[in-house]
Structure formats: structure tokens, C-alpha cells
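Colleague: Chain by chain, the residues:
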Amino acid sequence: MNTISNKMKQTLPQIGWLLVFWLLGEIIRYLFHLAIPGSIIGMILLTLSLEFKIIKLHQVKDVSDFLIRNMAFFFIPPGVGLMVNLELIADNWLAITAATLLSTVLVLLVTGWVAQIGRSKTSENENV
Amino acid sequence: MTDLIHSEVFLVSFTFVSYILAQKLYQKVNLIFLNPVLIAILAVILFLRFTGIEYHDYADKSKVISFWLNPSVVALAVPLYLQMKRIKKDWVRILLATLSGSVIGIVSVVIIAQILGASHEIFYSLAPKSVTTPIALSISETIGGLPALTTAVVVVVGVFGAVLGESILKLARIKHPNAVGLAMGMASHALGTAKIATKGDEYGSYSAMGLAINGILTSLLIPKLLLVLEGWF
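Which chain is which? The protein sequence lines are A and R, in order. Using the working numbering, you'd call the opening residue of the first sequence number 1 and step up by one each time. Using the working numbering, you'd call the opening residue of the second sequence number 1 and step up by one each time.
DSS-like, lysine-lysine: derived pairs with alpha carbons at most 27 Å apart:
hint	chain 1	residue 1	chain 2	residue 2
1	R	K89	R	K170
2	R	K199	R	K170
3	R	K89	A	K53
4	A	K61	R	K88
5	R	K199	R	K85
6	R	K24	R	K61
7	A	K61	R	K199
8	R	K88	A	K53
9	A	K56	R	K199
10	R	K88	R	K199
11	A	K56	R	K89
12	A	K56	R	K88
13	R	K85	A	K61
14	A	K61	R	K89
15	A	K56	R	K85
16	R	K63	R	K24
17	R	K63	A	K61
18	R	K28	R	K170
19	R	K199	R	K175
20	R	K85	A	K53
Keep in mind the hints are simulated off the structure, nothing from the lab.
Using the sequences and the accompanying hints, generate a full structural model.
Modeller: Written out as C-alpha cells, the structure is:
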């Protein structure tokens with residue numbers, strides 16, 4: 001019982017911190033007219049705050065792990081938006097599917113390849 | 001009865017139950033194309049069609065779910081922070097890999113769609129396809145795409161990457177956990193990250209980084225790249 005109520009005490013402030021950093025991101029985006037979404041700015045700010053010990057890891061860790069593990073679930077409502085575009089997609093299905101899937105494969109390969117080439121070079125030249 | 005079916009609690013519960021059942025099915029059958037998100041999306045679409053509920057009505061009432069997309073993006077700070085030492089040592093490689101991945105993602109989708117006869121409206125909607133929904137939506141709106149089409153394409157890209165990304169990388173002999181993580185986050189945003197993060201922090205942190213960096217790069221690069229690409233066609 002005691003441990004459960006302790007967990008609960010920690011959960012709300014953790015959610016609060018994540019929301020505060022999202023909000024900070026939105027405020028910065030608004031003030032500087034940035035094209036980068038507020039949540040990304042919030043993520044960068046939270047990373048920096050953790051790095052400079054302004055926020056401690058345990059103040060956000062459990063809820064963050066929970067959200068990341070379940071992120072896929074939050075995509076269902078926007079994904080249902082498929083139904084609005086079924087006709088448009090059906091009329092252009094080849095262009096849309098071919099372009100999207102091929103391009104995704106290219107991003108995977110190019111990113112992975114460049115990231116790995118760098119990797120082998122560094123391990124060879126570790127002491128240079 | 002109609003009131004009940006249209007209610008927030010009914011639609012949110014339906015979404016919840018669809019996803020949990022889809023997860024159970026996936027664990028039992030273990031066929032990769034039975035991705036739980038995809039199955040749940042299809043189940044909800046069928047239900048809405050069957051009951052005649054408009055998508056806008058559903059989207060409005062399920063905001064309590066989609067709202068958490070943004071806090072989850074903020075939460076990716078945790079795996080990033082945990083790998084900070086490695087990232088600091090690695091930043092040149094990360095920058096080169098993400099920059100080339102981001103450019104190839106935008107340019108290739110626009111060129112292929114153009115060649116296959118898609119309209120401007122469509123390839124504007126496809127251009128931000130690799131980045132996570134809240135980011136892709138705001139980009140699509142800014143450049144004159146169809147936000148609803150962008151959302152749909154982003155989810156398809158995410159599911160595709162989550163389902164086949166690892167196998168594609170393995171075929172290409174890309175195996176280093178950091179490279180695999182980075183590629184998954186770059187190509188299939190939060191859905192790819194959610195999948196690959198289960199393999200450990202050295203995957204998850206780089207995937208989170210790929211997702212974040214691609215979000216930033218794509219929003220900065222798209223306006224310029226589209227100008228160049230339009231000059232070609």
C-alpha cells in the first residue's frame with residue numbers, strides 16, 4: 001500500500017515536468033517564430049536540463065519510459081485519418097505507396113550506411 | 001444508443017480495447033504484418049464506417065489519446081541523456097548520417113511521386129513523411145499539403161519501418177546498434193523508435209536522436225529543397 005502511494009506521488013510531478021517542457025518549447029516556438037515543433041524544442045531543453053543537472057533523472061524517468069514504450073498507441077487516432085483519404089489514396093495509390101515505401105527504404109539504408117561507415121573508421125583510428 | 005456510441009468514453013474505450021486485443025493477437029500469431037497499431041486502426045475505421053460516425057467527430061473525442069504524442073516526444077530526452085557521453089564523441093558521424101538521410105528522404109519521395117504522376121498537392125503532403133505526426137502535420141500545413149493525407153502517410157511509413165526496418169537493415173549488413181537505431185528513428189520516427197527501443201538503450205537513444213534530428217532537419221530543409229525540386233520539373 002505504502003509503495004503504491006509513493007509511486008503515485010511521483011507520477012503526477014513527472015507528468016507535470018514533461019508538460020512544462022512541452023509548454024516551454026511551444027513558448028519559444030511562438031516567441032521566435034520557429035518552424036520546429038514545440039515538442040522537439042521541449043525535448044532538447046529537457047535533455048540539456050538533465051545534462052546540466054537542473055532536472056534529475058528520477059524526476060522524469062518512470063513516466064518517460066512508460067510513454068516511450070506505449071508511443072505506438074497514441075498514433076491510432078491520427079492513423080484513423082486514413083479513412084478520410086481513401087479515395088485520394090486509391091486514385092493515386094501507385095505514386096503514393098511506391099514513393100513512400102521506396103523513399104523509406106532509402107532513408108534506412110543511407111542513414112544506416114553512413115552511420116556505420118563512420119563507426120568502422122573510428123574504431124580503426126581510435127588512437128589517431 | 002447513438003448517444004452512447006458517439007460518447008467520448010465509448011470511442012476511447014473502443015480504441016483501447018482494439019489495441020489491446022490486437023497486441024494479444026500479435027503475440028499469439030506473430031505475423032509481422034499483423035502490426036497491432038495497423039490492426040487497431042483498421043478496426044476503428046471499420047467501426048466508424050459501420051456506425052456512420054464521422055472521422056472529425058472521432059478525432060475530436062479521441063484527443064485524450066493523441067494528446068500524449070507530444071509529451072512522448074519530450075520524454076525521448078531520457079534515452080538521449082542516458083547516451084550523452086557516446087553522442088558527444090560521435091557527433092560528426094551522427095550529423096553526416098542524419099543530414100544525408102534527411103535530404104534523401106525528402107528528395108526521393110518527391111521525385112518518385114512526380115515521375116509516377118502525382119499532383120503538387122500530393123507530393124507536398126508526402127515530403128515530410130519520415131517525421132513524427134505532430135511535426136509532419138505542421139510542416140504539411142506550412143507548405144500547402146493536405147494535412148490529413150500527411151498524417152495517414154506518416155502512420156503507414158511508421159508501421160512499415162517498424163515491421164520491416166530491421167530486416168531491411170540486416171539484409172544490407174547494417175548491424176551496429178547505434179547505426180540501426182539512428183536509421184530506424186530517421187526513417188520511421190516514433191513507431192520505429194518504439195519498436196527498436198525494446199532492444200536496449202544503445203538502440204533506443206540513437207533512434208530517439210534520429211527522430212529528433214530528422215524533425216529539426218526536415219522542417220528546416222523542406223522549404224529550400226522544394227524550391228530546388230520545383231525548378232527541375
